[in-house]
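> Sequence:
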Amino acid sequence: MQRSNPGRKTTKEILLEARLVTPEGILQAEKESVKTGRPLQQTVIDLKLSDKVDVLQILSREFRTKAVDLAEMEIDPDVVKILPEGDARRHIVLPFAKEDQVLLVAMADPRDFLVSEDIHIRTGLEVQRYMAMPEDIMKELDKVYGLAGGGKGEELLKSVAETALNIGSDEKLEKLETKTDVTEVDASAPEVEKIANGVILSALGQKASDIHIEPFEDPTGRTSRVLVRYRVDGFLRAAPFQIPWSFRNAVMAKIKIMTNSMNITERRIPQSGRIQVMAKGSPIEFRVEIIPTVYGESCVMRILDRKAVQVDIQKLGFLPDTLDRFLGLLKGVGGKKNFGIVLVCGPTGSGKSTTLYAALNHINRPDIKILTAENPVEYNLDGIVQVQVNPDLKMGEDKCFDFSLALRSFLRLDPDVIMVGEIRDQETSHIAMEAAMTGHLVFSTIHTNDAPSTITRLMDMGIPGFMVASTLKCVLAQRLCRRICPQCRAPRAPNPEEVEVFRNNNVSLPPGAQLFQGAGCANCNGSGYKGRMGIHELLVIDETVRNVVLKDVTADMVRDAAVNKSPQKMRTIIMDGLQKVLEGGTSVREVLGGASDEVEPVKPAH
1 MQRSNPGRKT TKEILLEARL VTPEGILQAE KESVKTGRPL QQTVIDLKLS
51 DKVDVLQILS REFRTKAVDL AEMEIDPDVV KILPEGDARR HIVLPFAKED
101 QVLLVAMADP RDFLVSEDIH IRTGLEVQRY MAMPEDIMKE LDKVYGLAGG
151 GKGEELLKSV AETALNIGSD EKLEKLETKT DVTEVDASAP EVEKIANGVI
201 LSALGQKASD IHIEPFEDPT GRTSRVLVRY RVDGFLRAAP FQIPWSFRNA
251 VMAKIKIMTN SMNITERRIP QSGRIQVMAK GSPIEFRVEI IPTVYGESCV
301 MRILDRKAVQ VDIQKLGFLP DTLDRFLGLL KGVGGKKNFG IVLVCGPTGS
351 GKSTTLYAAL NHINRPDIKI LTAENPVEYN LDGIVQVQVN PDLKMGEDKC
401 FDFSLALRSF LRLDPDVIMV GEIRDQETSH IAMEAAMTGH LVFSTIHTND
451 APSTITRLMD MGIPGFMVAS TLKCVLAQRL CRRICPQCRA PRAPNPEEVE
501 VFRNNNVSLP PGAQLFQGAG CANCNGSGYK GRMGIHELLV IDETVRNVVL
551 KDVTADMVRD AAVNKSPQKM RTIIMDGLQK VLEGGTSVRE VLGGASDEVE
601 PVKPAH
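Heads up, the sequence shown is in this note's numbering, so the first residue is 1 and it goes up one at a time.
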């Protein structure tokens, strides 16, 4: 892990200053680097934007170390094995020679002195740092440990398992009869089970939200491989290992067995299922989807870690004034005194469910009854009656157990507060409106790009404007942006394009203001970002907005009324994000990427 160093140049700055890559080329490389999780310097070479020798020379000169081209060297495997494989892969380093008590180590980032110190502590040898390309380091590790093509990968998967949850091979964990315990990865376990569990453990260690297992034909035509990728902070990263091709069908069969519901002999049709595991005493659930491809079955596992759900609304990243207004709308619940509809909108994976859970947790108390209809129930809240709907369960010829049926049943159960997972059709929206008009506080989500678009979306579903105006309390739009890594965060002056973004969105950029960026370190895997934060847009249906909604309106008319005419002076989602940029939480690029392309910049009143 690197210490933050405000005066240190980033790899991007070094390559641009040396004119090895054009600004357009570096932008292309950055986008590809984010997608693949590979370091920027390696991506530049992969895309043939510059020569490897030139990149090595420029970076090593800037890093004040010598460069080595590992592809041109004969390396003793015994020297490589001086450092444990898991450490070498995690830090992208390779011991390539030993001279007396000095270990010569090739590093992707030789500026990382903490890694050098860690190697010194682990080996007892003095460390001499050299610059090498990340791909060359990983290839040499693959050669030594036999993981490039069809090797079994025992050592790597074992090290992945131990690193991911910080356990050793001797640690004893309690086995449960009803759930698989994935931390039981020992030498006596079947090879297939070790691989499957190792893949899951690595995902948990990286705090991934999804696991992708994908069979591909090798571009060279020599062999095929099974890639493992993890979605971390919204972006896919390649795992530092591949599943051996010969194990592809066996691993898929193992995953199907773990679901207790899939047909392990059927490889021609898509299948869905769930897996429950225990990791360090905590239950974790996976939603599994398997689909046949031309090279074999591909699998995606969505991780539903109930313990990781943040239900403290104070910790969701709201700006203080936005949070105060939102919580103010939730006061006085109980005794049918606070009623109406609260909607949270945004794309899939934007944290809508987490926000709803946090809101319900905030108002939850013994004297009110809260009912929820969800698909699936992602987090258990004490004191709240939660129902999992099942649209596949048919109830007669034209009925199924969906959100609308659950909502109708709820109205006969004397609730104070109702949460329905999603409003997606006319029937559900009508029942939600009826519930709000009969004294209930209703929470739900809806798929729209921003808060004003929700008004027109409801009207498109057939809800009259007067009903929307009289029942809707507020709409909260949100997106997730990556948070700048606190370990390598450094201030810098805004560039002209960023200044223009602030001006176009009517957000004040004080003279001399500094923005922040992450230089990239071991803590953030070289990306400059670690974790995510929300950006929000709260549209309160006050008198001004209500009068506009009663007319035949467009989303632009609602936005103009909320921003320029209403006393609330609504802060758009981009304005909210830019405020968090000024606070050092994220970057302009993340805000513009996190907000939909269809979200319009604010237009000041004339």
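The hints are simulated quantities; they were obtained by calculation from the structure and are not laboratory data. In this text the structure is predicted, and so the values were computed from the model without any measurement. Any given hint could be a false lead.
Quick list of in silico lysine-lysine cross-link-like pairs, DSS-like style, CA-CA up to 25 Å [what the hints assert, rightly or not]:
hint, residue 1, residue 2
1, 207, 31
2, 473, 569
3, 207, 369
4, 66, 48
5, 551, 473
6, 52, 143
7, 81, 139
8, 98, 31
9, 31, 9
10, 569, 331
11, 66, 52
12, 473, 315
13, 52, 9
14, 337, 139
15, 48, 31
16, 66, 31
17, 139, 52
18, 98, 143
19, 207, 315
20, 98, 81
21, 31, 81
22, 399, 337
23, 315, 31
24, 66, 207
25, 551, 565
26, 207, 254
> Are the hints correct? Go through all of them and say.
Hint-by-hint comparison with the structure:
{"no.": "1", "hint": "207 / 31", "in the structure": "holds (22 Å)"}
{"no.": "2", "hint": "473 / 569", "in the structure": "holds (16 Å)"}
{"no.": "3", "hint": "207 / 369", "in the structure": "violated (34 Å)"}
{"no.": "4", "hint": "66 / 48", "in the structure": "holds (23 Å)"}
{"no.": "5", "hint": "551 / 473", "in the structure": "holds (18 Å)"}
{"no.": "6", "hint": "52 / 143", "in the structure": "holds (21 Å)"}
{"no.": "7", "hint": "81 / 139", "in the structure": "holds (14 Å)"}
{"no.": "8", "hint": "98 / 31", "in the structure": "violated (38 Å)"}
{"no.": "9", "hint": "31 / 9", "in the structure": "holds (19 Å)"}
{"no.": "10", "hint": "569 / 331", "in the structure": "holds (21 Å)"}
{"no.": "11", "hint": "66 / 52", "in the structure": "holds (15 Å)"}
{"no.": "12", "hint": "473 / 315", "in the structure": "holds (23 Å)"}
{"no.": "13", "hint": "52 / 9", "in the structure": "holds (20 Å)"}
{"no.": "14", "hint": "337 / 139", "in the structure": "violated (66 Å)"}
{"no.": "15", "hint": "48 / 31", "in the structure": "holds (15 Å)"}
{"no.": "16", "hint": "66 / 31", "in the structure": "violated (29 Å)"}
{"no.": "17", "hint": "139 / 52", "in the structure": "holds (15 Å)"}
{"no.": "18", "hint": "98 / 143", "in the structure": "holds (19 Å)"}
{"no.": "19", "hint": "207 / 315", "in the structure": "holds (18 Å)"}
{"no.": "20", "hint": "98 / 81", "in the structure": "holds (12 Å)"}
{"no.": "21", "hint": "31 / 81", "in the structure": "violated (34 Å)"}
{"no.": "22", "hint": "399 / 337", "in the structure": "violated (33 Å)"}
{"no.": "23", "hint": "315 / 31", "in the structure": "violated (30 Å)"}
{"no.": "24", "hint": "66 / 207", "in the structure": "violated (35 Å)"}
{"no.": "25", "hint": "551 / 565", "in the structure": "holds (16 Å)"}
{"no.": "26", "hint": "207 / 254", "in the structure": "holds (23 Å)"}
Against the hints set out earlier in the document, violations occur for numbers 3, 8, 14, 16, 21, 22, 23, 24.
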